[in-house]
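Asks: Put together the whole structure using the sequences plus the hints.
Protein chains: 2
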Amino acid sequence: MRIRLDIAYDGTHFRGWARQTELRTVQGTLEDALALVLGTRPTAEAAVATAQPRLVVAGRTDAGVHATGQVAHLDVDPEVIASLGRSRPRNGTGLDVLAQRVRGVLGKYADVTVRGISAAPDGFDARFSAVWRRYAYRIADSTAGYDPLERARTTTVNARLDEAAMDAAARSLIGLHDFAAYCRPREGATTIRTLLEFDWRRDAEGVLVANVRADAFCHSMVRALVGACVAVGRGRLSVEDAAALRDAGERTSAFPVLAARGLTLMEVGYPADELLASRADVTRARRDED
Amino acid sequence: MRIRLDIAYDGTHFRGWARQTELRTVQGTLEDALALVLGTRPTAEAAVATAQPRLVVAGRTDAGVHATGQVAHLDVDPEVIASLGRSRPRNGTGLDVLAQRVRGVLGKYADVTVRGISAAPDGFDARFSAVWRRYAYRIADSTAGYDPLERARTTTVNARLDEAAMDAAARSLIGLHDFAAYCRPREGATTIRTLLEFDWRRDAEGVLVANVRADAFCHSMVRALVGACVAVGRGRLSVEDAAALRDAGERTSAFPVLAARGLTLMEVGYPADELLASRADVTRARRDED
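Read top to bottom, the protein sequences are chains A and B.
Using the working numbering, the letters of the first sequence map in sequence onto residues 1 to 290.
Using the working numbering, the letters of the second sequence map in sequence onto residues 1 to 290.
Simulated from the structure, these hints should not be mistaken for laboratory data.
Among these hints, one or two may not hold up.
EDC-like, lysine to aspartate or glutamate: derived pairs with alpha carbons at most 20 Å apart [as the list claims (entries may be wrong)]:
| no. | chain 1 | residue 1 | chain 2 | residue 2 |
| --- | --- | --- | --- | --- |
| 1 | B | K108 | B | E205 |
| 2 | B | K108 | A | D147 |
| 3 | B | K108 | B | E31 |
| 4 | A | K108 | A | E205 |
| 5 | B | K108 | B | D96 |
| 6 | B | K108 | B | D6 |
| 7 | A | K108 | B | D147 |
| 8 | A | K108 | A | D32 |
| 9 | B | K108 | A | E205 |
| 10 | A | K108 | A | D96 |
| 11 | A | K108 | B | E31 |
| 12 | A | K108 | A | D6 |
Rough simulated footprint, nothing fancy, chain B against chain A, three-plus residues with beta-carbon under 8 Å [as the list claims (entries may be wrong)]:
| no. | stretch |
| --- | --- |
| 13 | 3-17 |
| 14 | 111-117 |
| 15 | 135-148 |
| 16 | 152-161 |
What follows is a list of derived Cβ distance ranges for each label pair [what the hints assert, rightly or not]:
| no. | chain 1 | residue 1 | chain 2 | residue 2 | range |
| --- | --- | --- | --- | --- | --- |
| 17 | B | L36 | A | R54 | 51 to 61 Å |
| 18 | A | G249 | B | Q20 | 51 to 61 Å |
| 19 | A | K108 | B | D247 | 31 to 41 Å |
| 20 | A | R54 | B | S118 | 20 to 30 Å |
Backbone N, C-alpha and C define an ideal beta-carbon position, used for all residues, glycine too.
Replies: So this is what it looks like as structure tokens:
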């Protein structure tokens, strides 16, 4: 039985999503909590490989990156879920009880939570069925002012940024392109992506918020795209430079890759249920990036 | 020369506003930063009483309470401010430079900041000229779901709360009343207050947000008012109980005083400039609470 987990975290004190020995990661923290509740907690090193739940995730976020709409899947024994449901008949289904108990293990004001757990539709793969990911990037410039209560997820830039120029630069990058200039290269991996949305606005407090949506992102791509826009907003690059650098196709020092702090994975898009399996097959065949 | 400071903080790691020996407080942290920049940092214990800047604040918040719109005043030597302005002629006025340098001392991602510093109008007293204070209280109940990125300023209640009943109870408390039932008593201090606004709504994420505005608040009053509404929202008190308990005039265990975590001072209201001094005289004569 495959389940879908909707996950949120403050990435500040995690070394990213992916499990690493000896380091605190989102995947490791969640898998340990799930193992405890599902009763598959390994009792010896030898048992880890078979017994440990292994989450498959839509967006493998870097150290310090946050999420409000992360999605993962996990294959579980349906009898274990049914038994959880029988253990607390007034608390909802077995999956409701699983979510409640995982939240209990994570703790009341934890920096990661499981917002919901549901039965995954046939053919669902959190990573390969996904058709798009949406990120937000938040910047407090000198116009906005700094809010200590938002500091965990907002990068501060000590200058006044021109949001109209940033928005124009962002929109000029939309479309199907080779984003090699905005990617940290990986051997044998394509850097061609479809950037579906990219725009900037100021929120009610004046904070600059980028909305960035693509079929998929290569490594550090959002933070590079946002860095180029900040260079435009400071007047160090022209609006036209953003697309010209992209078309030059090579990594450049003309703009910085911004800090993880400001970046949050907001949402992952999936096709209608009947298209999930075929979408996963297509993605798997094309590349193994997210 | 009197200056007005607009202040924001994440109260999590402060033992409240008021300076205390050996404990980290907002007042202590800000006064130390101001002393450093103004050049009045005491060099010996004996110098503290005279040389240390002393902030007067609109709302003396408790341990763990946050602020986005706190206001304080400070009397400074105009020559020191003028000299700060001359030291960085391209950075604005002397007060602009003061604010920039205080922020520099506090650090880039500090949990307290000075959002702005301005010359106070004649007769301005941050505490005694204030005509109202507005607080917000945020609660994530089981309908809203828990967001780790908002955990510093949101209390979690593990139940589904009835927001319509809470809003009705809140509105029933508005007006000029003796709020002794909702105050921690202080010897010789009145508990009569004018509650100007009190209502509940759910924000875009479903989080319950109380808006509470009064001429002034006695100690722990907002957290008691909010606690009574949560008891109503859980169905443990009726809507009518909120005002009936108030009119009984005695502290009760019928509802809890909620945690500081969810509470933020949003805004302080002052009268038009020409009324500042007379307002301060009236308030000073009437009581010394805030």
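Asks: If you check each hint against the structure, which ones fail?
Replies: 1, 4, 11 and 20
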